[in-house]
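Sequences are here, hints too, so could you generate the full structure?
Chains as they are written, first to last, in this note's numbering: chain A, 1 to 173; chain B, 174 to 279; chain C, 280 to 780; chain D, 781 to 1404; chain E, 1405 to 1877.
If you are wondering where the hints come from, they were derived from the structure by calculation, not from laboratory data.
Among the hints, a few may not be true.
[Said to hold, decoys possible] Below, a list of computed lysine to aspartate or glutamate pairs in the DMTMM-like style, where the Cα atoms sit at most 25 Å apart: (1) 1159/D <-> 1060/D; (2) 1826/E <-> 1868/E; (3) 1832/E <-> 439/C; (4) 934/D <-> 1153/D; (5) 276/B <-> 1757/E; (6) 276/B <-> 1756/E; (7) 724/C <-> 552/C; (8) 934/D <-> 644/C; (9) 1826/E <-> 386/C.
[Claimed, not checked] Derived Cβ-Cβ restraints for the label pairs, each shown as a range: (10) 470/C <-> 1841/E: 57 to 63 Å; (11) 1859/E <-> 757/C: 47 to 53 Å; (12) 1411/E <-> 302/C: 58 to 64 Å; (13) 1859/E <-> 730/C: 53 to 59 Å; (14) 139/A <-> 1505/E: 38 to 44 Å; (15) 739/C <-> 837/D: 36 to 42 Å; (16) 470/C <-> 1862/E: 28 to 34 Å; (17) 733/C <-> 1833/E: 35 to 41 Å; (18) 510/C <-> 837/D: 43 to 49 Å; (19) 308/C <-> 806/D: 48 to 54 Å; (20) 322/C <-> 993/D: 35 to 41 Å; (21) 1328/D <-> 560/C: 38 to 44 Å.
[Claimed, not checked] Just so you have them, the derived chain E footprint on chain B, three or more residues with Cβ under 8 Å: (22) 197-208; (23) 211-225; (24) 244-257.
Even for Gly, the Cβ is constructed at its ideal location relative to N, Cα and C.
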Amino acid sequence: MEITVHQIMFALFSAIILVFSVLTVTTRRILRAATFLLLVLVSTAGLYFMLNYQFMAGVQLTLYAGGIVVLIIFSILLTSHISQKFEAVGWRKAYFSALASIAGAILCITTILQHKFQATTEAAKEIDMKLIGNSLLGTGRDGYVLPFEVISVLLLAAMIGAIVVAKRKKTKE
Amino acid sequence: MLNAGIPMEAFLVVSTLMFFAGVYGFLTRRNLITILMSVELILNSVNINFLVFNRFLFPDKLQGHFFSLFIIAIAAAEAAVAIAIIINIYRHFNTINVENVDKMKY
Amino acid sequence: MDVLSLLVIIPTITIIGILFTKEKKQARLVSAIGTGMQLILAGILVWMYLAERSGGNTAQMLFTQDYMWYPNLNIHYAIGVDGISVAMIALTAVVLFAGVFASWEVEFLNREFFISLILLSTGVFGFFISLDLFTMFLFYELAVIPMYLLIGIWGTGPKEYSAMKLTLMLMGGSALLLVGLLGIYMNSAPAGQPLTFNLLEIAKVTIPIGAQRLFFPLTFVGFGVLGALFPLHTWSPDGHASAPTAVSMLHAGVLMKLGGYGCFRVAMYLMPEAAHEMAWIFIILTTISVVYGAYGAIVQKDLKYINAYSSVSHCGLVIFALLMMNKTAMDGAILQMISHGLMTALFFALIGMIYGRTHTRNIYEMGGLMRIIPFLSVVYVIAGLASLGLPGLSGFVAEMTVFVGAFQHADMFHRVATIVVTTSIVVTAVYILRVVGILLLGPIKNEEFNHFKDASWFEKLSTITLLLMIAAIGLAPLWLSNMIQHSLVPIIQKLAIAPGI
Amino acid sequence: MFLLLGLTGHKMKPAIAGIIGTTGLFISTLLSYITAYKYFLVDGKVDGVYHKIIAFNTVWLQLTDKLHIDLGVLLDPISVMMLVVITTVSLMVHIYSNGYMKGERGFHRFFAFLGLFSFSMLGLVLATNIFQMYIFWELVGVSSFLLISFYYEKPSAIAAGKKAFIVTRFADLGFLIGILILSYFTETFDFVTLTTPGCPAIAQAAGITFMGFSVVTLALVLIFMGGAGKSAMFPLHIWLPDAMEGPTPVSALIHAATMVVAGVYLVARLFPIFALTSPDALTVVAYVGGFTSLFAAVIACTQNDIKRVLAYSTMSQIGYMMLALGVSGYGGEEGLGFMASNFHLFTHAMFKALLFLGAGSIIHAVHSNVMTEMGGLRKYLPITHITFLIACLTIAGVPFLSAFFSKDEILTAAFHHDKVLFFVEYAVAGLTAFYMFRLYFNVFWGEDRHYHHTPHEAPLVMTLPLMFLAVASIFAGYLPFSQLVTSDGAGFESHLEMPIAAASVFIGLVGIFVAMYMYMKPKGAPEKMAVTFKNLYKWSYNKFYMDEVYLFVTKRIIFAYISRPVAWFDRHVVDATMNGFAWAANYTSFHIRDLQSGQLQKYAFVFISSVLILVLSFVYLFMN
Amino acid sequence: MNLNSFLLMRHEIVLIAVALIILIAEIFTSDQNKGRIRGLAVILFAINAIIGFLPAETGSLFGGMYTTVPLHIVVKNILNIGTLIILIQSNTWLKSEENSDKFPEFYLLLISTLVGMFYMISAGDFLMFYLGLELATIPLAALVAYDRYRNNSAEGGIKLILSSAFSSGIMLYGISMIYGMYGSIYFDMLNPAIAMNSLTVLAFIFFFAGMAFKISLVPFHLWAADVYEGAPVNVTSYLSVISKGAAVFILTIILFKVFPTISDLWQKVVWVIAVMTMTIGNLFAIRQQNLKRFIAFSSISQAGFFLLGVIGGNQMGMTAIVYYMLVYIFSNLGVFGVIAAISNQSGKENIDDYNGLYHTNPKLSLTMMLALFSLAGIPPVAGFFGKFFLFTAAAQKGFYILVLIATINTIISLYYYLLVVKAMFINKSETPIPYFKSDFMTKLGLGLCIAGLVITGFASGVWEMIAKMAFGM
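Right, here's the structure in full:
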C-alpha cells in the first residue's frame, strides 16, 4: 500500500496533536502551555480540512484558536507572571494520573478497535455554506434552530454570570 | 475524498489519546488556567470524534458536525465563566494554584 | 363517623386542643379529658363488640370500614377489629389513661410532653384498627418516632444515648418489616389481579412458598425487634431506664405489644407455611429470651433495668407462645400481652413515683419503703406478684394458658422448650422477691426518706385503674379468653391448613 | 347445698379487726362442721362407699377444647376431713392471735393475711381439678410468704419469706410440669376423672414411656416434687425451719397443721393413680418420706430454738405421713397406709398446732425462743405447761392418746410393706419422744433463768385454744377413721397389731426416759453426749449443712455463674454488637473522609478511575 | 409548524419572558427603586408557575428535538413550585447590603438555569439535552460564586465549573461513541437501535457518569459537598433540590427512552451506584458539623433513594420518582428555609449553634423537625409516602436486597437527622440563637413547605395524578 499525501498529512497533524497535547499538559511554563494548546487546536483544524469540513475548520480556528486561547492568554497575563515556572508535579500524583490516563486510553482504544462500526451506506454530501445555513435555521428534523436559540440564551446567561462574578466591589466613596 | 486511505480508527485513536492527555492534564496541572486548557483538549477530542463519525459513517446528515459546532460554542461560554471565576479566585486567594483551593473538605 | 376512626380522631383532636392551651394545668386537663374519653370509647367498643358477637355476628372483623386511598396502588384506609384488637385497644386506652395521670406533674415543656405522648398513642390505636398493611405500617412508625423526643427531652440518665439507640433499633426493625411488607404486597394476588395490602384479602391467597421463606423472617424479625426478640432486645433496658414514667408505661405496656401483635397478625397469618418451617429458629431464640431475660434481671441494681429485663422475658414468652401455633398457646400469648401490658405499666408507674420521691433507682440505696409509703409499696408488691404469676392476678392466667397450650404441641422439641420456659417462673420469683425484699422491706436506709408522702390522688387513680384491670382479668379471665379465642379461629385455621415441617 | 363458696368472701374482706376475721372464720368452721356432719353422717355411704360429690363447678378458663380450668367444690372424705382440720386449727389460731398479736403493728394486715391463707387453703382442698389445686397452691404459697415476712423490717424474716417462697416455687415448677405432662396425655385436669380406678385416659397414658419411664410415673414424680416442696420433704425442706421467723400463730397454722400437709393431701388426692398405675412413684414417695422423717428427727435433737425443734419435728411427722402413703395399697385393708396417713395428718394437726401455740405462749412470756434461755417455766405457766405436756405425750405415742393410734397404723402398714422403712420409722418414733421431751424438760424443768420480767400466763384468748386443742389431741384418736377416710371410699375394719404397738410404746418410753435423765436436772450429760458424738452432733446441729449447700448453689452458681454472666453478656456482647454497628459506621465515616479532600484534582481522579473501573468490570461482566 | 405549536414550549417561553422582563426592569429602574424588582420577580415567577398549570397540549416540535408529554409538564410545574419557594426564601438574603448591586442578576441566572433544565427535560435528542445541561450548569457556577466576598463561594464556583466541564467532556465522549455506533443523536432513532456490545457499555458508562455527576451520585459526587457548602444558602438549596431533581428525572427518562434495550446493563450499574450513593452519602453525613455540608451529604444519599425508582424502570418507578421529587422539594426546602433564615439572622450554620433552638424559636424548630422527618421518611409527613413508593417501585422489580439496603440506610440517615433534632430540642445551650421574628417572605416560604409536607402525603390525588401521567408516557 503506497503512502498517500493524505496519509502523510494525517501523520503530521496527528504527530503535532499528540506531541503538543502531551506538552501542553506537562510543560512547566504556562505561556508555553497556551502556545502548545494553540498548536494542537490549529492542527485539529487541519484534520477538519482533511475531512472536508472547511466550515468547522474555520470555526475551530476563529473561535477556538482565536477566541478561547486568546481569552486564556489574557487571563494568564492577569493572574501570572509570564516567566513563572511551576514546581514539578508531585510524583505520586503524576504517577497515578498517568496510570489512570494510560489505562483509560488503552481501554478505550482497544474497545474501539474491537468494535466493528457499521460501514457507511450513504453517499457523501457536499457540505456547502448554504446547507449549513439551512440546517442551522431549519425547524424540521436535522434542523438546528432550537439549539441555536437556546445557545443564545446560554451565552447571554454566561455573559451575565461572568459579569456578576468578575464585577469588582462598588467603591463606597 | 481527501481522507482516502486513512482508516477511521486512526482518527479515533488520535482523539482518544488527546482525550486522555487532557484527562492527565486535568489531574495533574496545578494552575487553574492550565486545567481549563486541559478541558479544552478533552472537548476538542470529542469534536474530532463527532466529525470523524459524521464523515466516515453517516455523511448524509450533519448531526455530528453540528454537535461539535455547539460544543465549541459552549466551550467558549464555559471558558468565559470559568475565567471570570478564576480571576475572582485570584483576588481572594492571591493564587490560582488548584491545590490551595481546598478550604472546604471532609 | 364510625367508632373505630374515632379512636384515631379523638387523640388528634386532643393534640390540637393541647396546642391551644395556655397553661400547664390546662394542658394536662385537656389530656386527661381526651384520654378519659378514649378510655370510655374503648369501653364502649368492648361492649359493642360483645353485643355484636352475642348478636350472632360471626364476621372475622367487625365494624369494618374501607376507604380507597391510593387507588393506583390499591392502598386503602381499611379498618376493622376482632376480639384481639379490641382487647389491645382497651389495654392501650387503660395504660394511656393511667400514663397521663402518672405524668401529672411533668413541669418541663408539659404541653409538648402530652402532645408527643398522645401522638404516640394515636399511632398505637391506628395500628390496632388497621386492616391495611400500609396504614398499619404508617401507624407503626408513627408510634415509634415520638419516643425519641419523649425519652430525649424528658428522660433521665443517659437519655440521649438511650433514645437514639431505641429509635434506631426500632426503626431498624421497621426497615426489615418494610421489605417484608413489600414482599407480601408483591405476592398478594395471583398474576394479573391487582395487588393488595388488605390483610383479609391477602389471607385468602397462598403466598408462594419461595416468597414466604424470604419475607417471613424479615417480617417476623421486623416486628420481633419491637417485641424484644433476643438478641435484638438491647434497646429495651436502656430505653426503658431512661424514659420518663408515662413513656416507659406506654412503651413497655403497649408499644412492645405491637411487635407481638404484628408477628401473628401479619407474619404468621399471611405466611403460615414459612411460619411452620422456621418456627424452630424463633422458638429457640424466644426460649433463650425468656430464660435469659429472667436471669438477666436477677442481678440488676436499677429498678427500671430489672423491669426491662423482665419485660424481655415476658415478651419473649408472648412470641414463644405465638410460635406454638395452637389456639390455646396463642390465646395465652395474647392474654400475656395484655397482662404484661398492664402490670409492666403499673410497675413503671410505680417506679416513676418512687423515683420521684427518692431520686434514685438504685435498689441498694433504698429500703424499708413499705413503712414510709405503704400504698405504693403494697401496689408494688401486688404488681410483683402479678408478674411472678400469682393466681387471681392476670399474670397467672396468661402464663398458664401459654404453658398448657404450648405443651399441647405434639412435637417433643416444642414440649422440651416449654419445660425450659416454665423454669422462668422460678427465676421470676427470685428477682421479684429480691427487689421487694431490698426495696420495700427491711429497715429504712436513708433518714431523709421519712419525709416522703404517700401517693397523691392522681397517682392513686393511675395505679388503681391498672390494678383493677389486672385483678379483673386474673379473677375472671373467661370472657376475655373467649373473646380472643373466637378471633383466633381464622388464624389458626390458616395455620392448620399449612403443612408442617 | 353447702354454701361453702361463701368462704370466698374472706379474701375480699379487708379484715379490719381481728374480730371480724375470727367471726368470719368461726362461721366457716361451723359450715365445715355441718358439711362434715352431712357428708359423713346424713348423706352417708352409697353402696358402702363415700362418693365424690361435686358441689359446685364452673368453667373458669377454657384452654383447649378438652382442657379447661374449673373452679368448683369437690367433696369426698379427705377433702371434708381437711376442711375440718383447717377450719378448726385456723379458728384456734385466729382466736389465739387476738391475744398474741395484740399491740403489734399491722394487726389488720395480719388478719387479712390469715384470712387469705385460710381461703386459699380451703380452695386447695376443695379443688375439683388439679389446676384449681395448683392455683390455690400458689396462693397458699404467697400467703405463706406474706405471713412469714410479716415482720418486714426484720431482715431475717424477709430472707426467710423469700426462701420459703422461692423454694416452694421451685417445687411448684415440678408440680406444674407434672400437670402439663399429665394433662397432655390424659387430656383432663379433673380429679374425678383422673382418680376413678381404671380411668381410660390414665391407662392409655401409662403405656407411653419416655426415657424408660412411664410418662405417668414421670408426671407423678414431678407432681410429688411440688408436694415435697410444700411439705418440706428432703431436699426441699430448707425453708421450713427458717419460716419460723414468722409470728408463732402463723407457724402453728401454716407450718404445722395445714399448709405443710398440702403435699400429703396432694398425694392422697391422686392416690388412685399412684397406687394403681405407678407403684414406682409411690416408692419414691415412701422413701423420701422415710428419709426425711429420720433426717429431721436427728436434726431436731440438737436444735436450741424451740420453734425450730418443732419445725423439724413437723418435717419428721410429715415424713411419716408420706411414708404411710408410700407403703399403702389401694382399697380395703391394703389401703391401711392411706388411712393411717390421713389419720395421722388429722391428729398431727391437732397436737402440732397445740405445740406451736404453746411455744408461742412460752415465747410470749419469755420474749425469746432459744431453749437455753428458758427453764423452770412450769411454775409460771401452768396451763401452757399442762397442755404442752399432753401434746408431747401425744407425739411420743403414749397409748390412748390420739397419735398412738395413728402412728401405730402407720408402723403396721410399713411393717407389712417394707421392713427397712419400718425400722427407720421405729427409730424415728424413739427419737421423736427423745427430742420432744428434751424440749419439754429444758423449758419447763431445769433451773430458772434470769428473765427480764417475771413470766406470766397468757390471757384467756390464748389459753382457750390451747385447752381446746389439748382435748382434741387426746380424743381425736378415737374417731373411726378406717370407716370414714379410706383410699377407695369404702370402710374397713382396722385393729391394732399388739406387738408393733407395744414395741412402739416401748421405744417411745425409752426416748422419754433418756430425755428425762439427760435434761430434767442439769448434770452435764448432754455435753458429754455432744462430745462423744462430736461429728454427728456438729453435722446435726448445722442441719447437715443443707443451707450451705443451697447457698452455694444459689449465690455461687446461679448468681455468679448464670445471672452475672448473662447480665455481662447482655451488656458487653449483645449490646456491644449493636453499639458496634454504630461504632463501625462512625469509624468508617472517619476513615473515608480523605476521599473528600477538598482537592479538585483528587475528585477528578476518583471520577475518571471510577468510570474506568465500571467500564472494565461491566465490559467483562457482559462479554463473558 | 405554526405559532400555536410554539405554545407547546410554553413553560420555557414564559420563563425566558420573565427573565427578559426582569432584565429590562433592571436596566430601566433607578437605583432607589431597584428593591421593587425583588417583588416583581417573585410575582412574575408566581404568575409563571400558575401559567404552568394551565392545560396544555402535548406533542413534539423541531423534528423531535423538543417533545412534551403530560409528565414533563408535571415535572416542570413541580420544579416551578420549588423554584418559586426558593425565590421567596431568598428574598431576605437578597435584601442585604452586599447584594444590592447585583440581585437582579441572581434572578436572571436562576431562571436561565431553570430554562436549561426544562429544555433538558423536553429534549428529544442528545444535542438539546447537552445544551440544556450546560445551560443548567454554567450560570449555576456563576451563582455559586455569586457571593463575591467569601472565599468559599469562589472556591465552590470553580470547583463546580471545572468538574462539570470535565464530566461533560467525559459524557460527550460517550455520546460521540453512541453517535458513532448508531448514527443518530435523536432519541427516537436510537431507542430501537442500541444493542449490547462492549463499546456500548463503555459509551453508556461514560454518559452515565456525566449524568451521575449532575445528580451527584457516588463516586461522582465529590464536588457536591464543597460546592454546596461554598454556595450561598439559597443557591445550595437550588442545587440540591431543583437541579438534582431535574437531573434525576432526566436520567430516568433517558434510560427509559434511549436505553431500554440494555436495561440489564444499566439496572446493574444503577444498583451498584445506588448502594454506594446511599451508604457513602450517609457515612459522610454522620460527621458533618456545618449544616449546609450536612444537607449536601444527606441529599447525596437521597439521590441514591431516587435511584430505587430509576431501577424499577417502569411507570411505577417513574411515578415514584416524580412524587418523591415533589416531596423532596418540600422537605429539603423546609430545611433550607430554616437554615437560610437563621443564617441570615445570625450567620450561624453549625449544628452546635442550633442547641436549644426550640426554646427560643419553637416554630422554626418544628418546621425543621418536620422537614427532617420527611427526609428520613417518618410518617405522617410526606417523606414517608415518598420513600414507601420508591421502595415499592424497586420491590416490584424484585430488587429486594436493594430495598433492604435502602431501608437500612434510612436508619443511618435517621440517626443524623435526629442529631439535628436533638440539638434543637434536647441539647442545652448557654447562648442559644436568640428569638427573632421572621419577615413575611420567610414565613410564606416555610408555610408553603409545611403545607406541602402535610398535604402531599395524605392527599392521594397528587400521586394519582402523577401516576396517570406516567402511564401516559
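To see whether the hints hold, each was checked on the structure:
no., hint, result
1, 1159/D <-> 1060/D, "52 Å, violated"
2, 1826/E <-> 1868/E, "36 Å, violated"
3, 1832/E <-> 439/C, "12 Å, holds"
4, 934/D <-> 1153/D, "21 Å, holds"
5, 276/B <-> 1757/E, "21 Å, holds"
6, 276/B <-> 1756/E, "21 Å, holds"
7, 724/C <-> 552/C, "57 Å, violated"
8, 934/D <-> 644/C, "17 Å, holds"
9, 1826/E <-> 386/C, "20 Å, holds"
10, 470/C <-> 1841/E: 57 to 63 Å, "60 Å, holds"
11, 1859/E <-> 757/C: 47 to 53 Å, "48 Å, holds"
12, 1411/E <-> 302/C: 58 to 64 Å, "59 Å, holds"
13, 1859/E <-> 730/C: 53 to 59 Å, "54 Å, holds"
14, 139/A <-> 1505/E: 38 to 44 Å, "40 Å, holds"
15, 739/C <-> 837/D: 36 to 42 Å, "38 Å, holds"
16, 470/C <-> 1862/E: 28 to 34 Å, "32 Å, holds"
17, 733/C <-> 1833/E: 35 to 41 Å, "39 Å, holds"
18, 510/C <-> 837/D: 43 to 49 Å, "46 Å, holds"
19, 308/C <-> 806/D: 48 to 54 Å, "51 Å, holds"
20, 322/C <-> 993/D: 35 to 41 Å, "52 Å, violated"
21, 1328/D <-> 560/C: 38 to 44 Å, "42 Å, holds"
22, 197-208, "holds (count 3)"
23, 211-225, "holds (count 8)"
24, 244-257, "holds (count 7)"
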